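S.K.: Fit chain B to the supplied structure of chain A, relying on the hints for placement.
Protein chains in written order, with our numbering: chain A, 1 to 461; chain B, 462 to 922.
Calculated from the structure, these hints are not laboratory results.
Please read these numbers as outputs of a predicted model, since none were measured by experiment.
Ideal Cβ positions, reconstructed from N, Cα and C, are used throughout, including at glycine.
Take these hints with a grain of salt, some might be off.
Stated by the list, open to error - Which stretches of chain A does chain B cover? Using the computed rule of at least three CB atoms under 8 Å from a CB of chain B, they are: (1) 187 to 197; (2) 219 to 232; (3) 398 to 405.
Unchecked claim - Pairs of lysine-lysine residues, derived as DSS-like cross-links and limited to a Cα-Cα distance of at most 30 Å, are as follows: (4) B:Lys-600 <-> A:Lys-387; (5) A:Lys-420 <-> B:Lys-848; (6) A:Lys-38 <-> B:Lys-848; (7) A:Lys-152 <-> B:Lys-848.
As the list claims (entries may be wrong) - Where chain B lies over chain A, by a calculated footprint (3+ residues, C-beta under 8 Å): (8) 21 to 27; (9) 240 to 253; (10) 303 to 309; (11) 354 to 362; (12) 412 to 418.
Spelled out from the first residue to the last, the chains are:
2 protein chains.
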Amino acid sequence: MGSLDVFFNPKVVAIIGASETPGFGMFTTQYLLNSEFKVFPVHIRREEVFGHKAYRNIREIPETVDLAIIIVPTSQVLKAVEDSIEKGVKGIIIESAGFAETGREDFRNIQQQIAELAKESGVRIIGPNCLGISNVHNKFTSAETDFTNVRKGNISIVAQSGVLGNIILDWAFYEGIGFSKVITLGNKLDVDEVDCLEYLRDDETTRVICLYLEEIRDRTRFLEVARTVVPKKPILVVKSGRTAFGARAARSHTASIAGNDQLYDALFKQAGIIRAEDFYEMFDFAKGFSMQPLPKGNRVAIITASGSLGILASDEVEKQGLTLSHLSEQTLIAMRKNAPDWVSLKNPVDIGPAQLEMINDCIKALLQDEGVDALLWIQIIPERVAKMLGLPLPGRLAYKYGTQAGKPVIVNTFGSPWMKELLHQKLDKYGIPITISIQNAVKIIARMLQYQRMRLKFDKI
Amino acid sequence: MGSLDVFFNPKVVAIIGASETPGFGMFTTQYLLNSEFKVFPVHIRREEVFGHKAYRNIREIPETVDLAIIIVPTSQVLKAVEDSIEKGVKGIIIESAGFAETGREDFRNIQQQIAELAKESGVRIIGPNCLGISNVHNKFTSAETDFTNVRKGNISIVAQSGVLGNIILDWAFYEGIGFSKVITLGNKLDVDEVDCLEYLRDDETTRVICLYLEEIRDRTRFLEVARTVVPKKPILVVKSGRTAFGARAARSHTASIAGNDQLYDALFKQAGIIRAEDFYEMFDFAKGFSMQPLPKGNRVAIITASGSLGILASDEVEKQGLTLSHLSEQTLIAMRKNAPDWVSLKNPVDIGPAQLEMINDCIKALLQDEGVDALLWIQIIPERVAKMLGLPLPGRLAYKYGTQAGKPVIVNTFGSPWMKELLHQKLDKYGIPITISIQNAVKIIARMLQYQRMRLKFDKI
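One chain only, chain A, in its complex shape (with noise of 0.2 Å):
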């Protein structure tokens, strides 16, 4: 089978179905139309396709052409394969919808012919239904991916969704997310999951590897490859249709079969994959994997300017089988030379609204102190008074001696959105990840060290 290297980093590109006319596709042709990819548009009428030469067939392009995106409607794509198989490429990526997933026999054969010509030629197909990929370190895409509101990084996405090949890269770009590799499966005629998870497991740009999954068709080839990459990387999943409403909508969805969940909660056990209960889980715990060191033990320290949020996150660390660090005396000592009289310097250490004077010495201080695995930082302040008074983010001081140590330090923040964007704007440098959810703050670190020692029983074996 051929290495899915062309669909990232092809040479020469042509798009079957190239469209002038806004709607679905038309922002990939003019992309990558203008972009420094070989790219040849493809159209059964037109001359010209946003000033370039049109070919009436791929086989007509006086090239060789490795990569082939398909966008013709349903009832000319098997065509579109063919002709592209005969022109010699190496990879298609099929984005129109209306195959198995419809639960029609007929569309259904048609898409299991095209998996037979995928089988019989080695070309690898991506889709149909879906958005095939986008390279953000590259800038190459089929997804309509707007490389000016995506950030260079080392997560990569698997997913059998559009949703995360565009709506979540929107979302991700103020959350301080950055991302390598993103695929969208869709109905997975060819290429699944386990050859991405393949792939990625020996791409350089990635560290991480998210997973959105309705279906895992061959569980046995999963586990057997997902088991080669967890010691190099961790993998997270959203796995959904875990119920018998959820399974009936996937159906109609990617043709999935969603399957018994309690199977796949074990074989994620087996694999040492993550699981996440949603989307906004999956990427607060793929920020502190990507940009964090993983935590030695299970030993948290709090500083928060919120009480309520301080005992919640408490609630959280016992829930999550972690502990409240006990701070040692030298500890206590430096939080207090700059804290006024009523500043509770226990663990969680409560500095309220003296966190102008206070938390400079603090985070030092905590994160030096050897009963200290993990910083959970609480920022939150009033909008008015951070206006006014300004607003203390050593984030530079959380990064060095952070850093220093190797422990993780995670911020929490709650209040507006100008807010949130300060805080990203002078964290997101010093690659501090940023969550607004107490839990997800907490469960970050006990997904650090559940893979941490995940990864010290697998250097054993």
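M.R.: Frame of chain A, contents of chain B only:
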């Protein structure tokens, strides 16, 4: 015991410890002195505060004063309370911290002495260690509330933590949430959550009550009073200190003894109170209760532009004991009218990129379907597509048919801050709640139904 009304509608107010210096108390002083309320600054040294004549002692004010706000250092609080009582006030708010929550015997004793003064005199006292109150309708506040960034509405908050008096309000403005009264209780030496529940039960501008509690001292009285409130309006609660770590943190925050969490669960259940896991969940529930009619049954219709979010929503529908509506033939015909072939018209109705053509037909038909008790509308679209083609957001239509049929409509979204802001611009005016959590979107419907059924049961008694 005196009524709490003096806190929300005071005639003459004294600020003891009125402050011009940036820091705690300054905003309240500045705002109230420049407001239409009659307010006298009290300061031991100053002649003037913000250009207003200051008095050395509340007793020197040449008028009857009914409310004193105390923001002096801890050591001066007892004397200020004695003076205020002598002056004949009906209510006192003590914002100063440094009492029982320090864990120190001497400070706890002072708090106890003040509590006894309250009891003897009948003067009601809120605090210490709190921000006091805000009345969003008449714009009176002791909590530094910036009313230019708070919406009037029908949700009232009773909270044992300051964060709900300011940070949550900063945030809520952008969430389309409107408030009536906000009360932060701190250490609760006199006024507690039960007093507030009684007051808000009979408050005409309050439709939903949100509680944040670290402890309930008198559970019998709480249960008694809550059971008189719930038939009239829903009570939502976040109770922290659920674990040993959380309980210990609560002691340092408001001197609370958090107690056994299972007992609290049972208590809330008995009282008909709806418990939330965190602030986001509580205020998502509050949005539903505040803006929408209660569902009459458990049949949910889902319209979605994202297949995967439709599946995750379906999973949550089943988890919450709700069911997916079986759509009538008439509804299917109406939705088919402008639909492309590939659209799946099962429930969840997955309209994908066809939302521009179909959304109006779908919303109208689904809300008119007799098999539908509630509509979940999952609204997502890539930002650049929305910017190019416009965003189909028929809020007026959803409002019209939702109101006509007496069915709740809940919107869920995922995306960039730009998208979220646009949704609020278009939907807030129709009172359609927006949540970014797909789980919470479904839970809102479930909790509203739970309340509806509970209320019917109360009616029968």
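S.K.: Evaluate each hint against the coordinates.
M.R.: Status of the hints after comparison with the structure:
no.	hint	verdict
1	187 to 197	violated (count 0)
2	219 to 232	violated (count 0)
3	398 to 405	violated (count 0)
4	B:Lys-600 <-> A:Lys-387	holds, 22 Å
5	A:Lys-420 <-> B:Lys-848	holds, 24 Å
6	A:Lys-38 <-> B:Lys-848	holds, 28 Å
7	A:Lys-152 <-> B:Lys-848	holds, 24 Å
8	21 to 27	holds (count 4)
9	240 to 253	holds (count 12)
10	303 to 309	holds (count 4)
11	354 to 362	violated (count 0)
12	412 to 418	holds (count 4)
When the structure is compared with the earlier hints, violations turn up for hints 1, 2, 3 and 11 and for no others.
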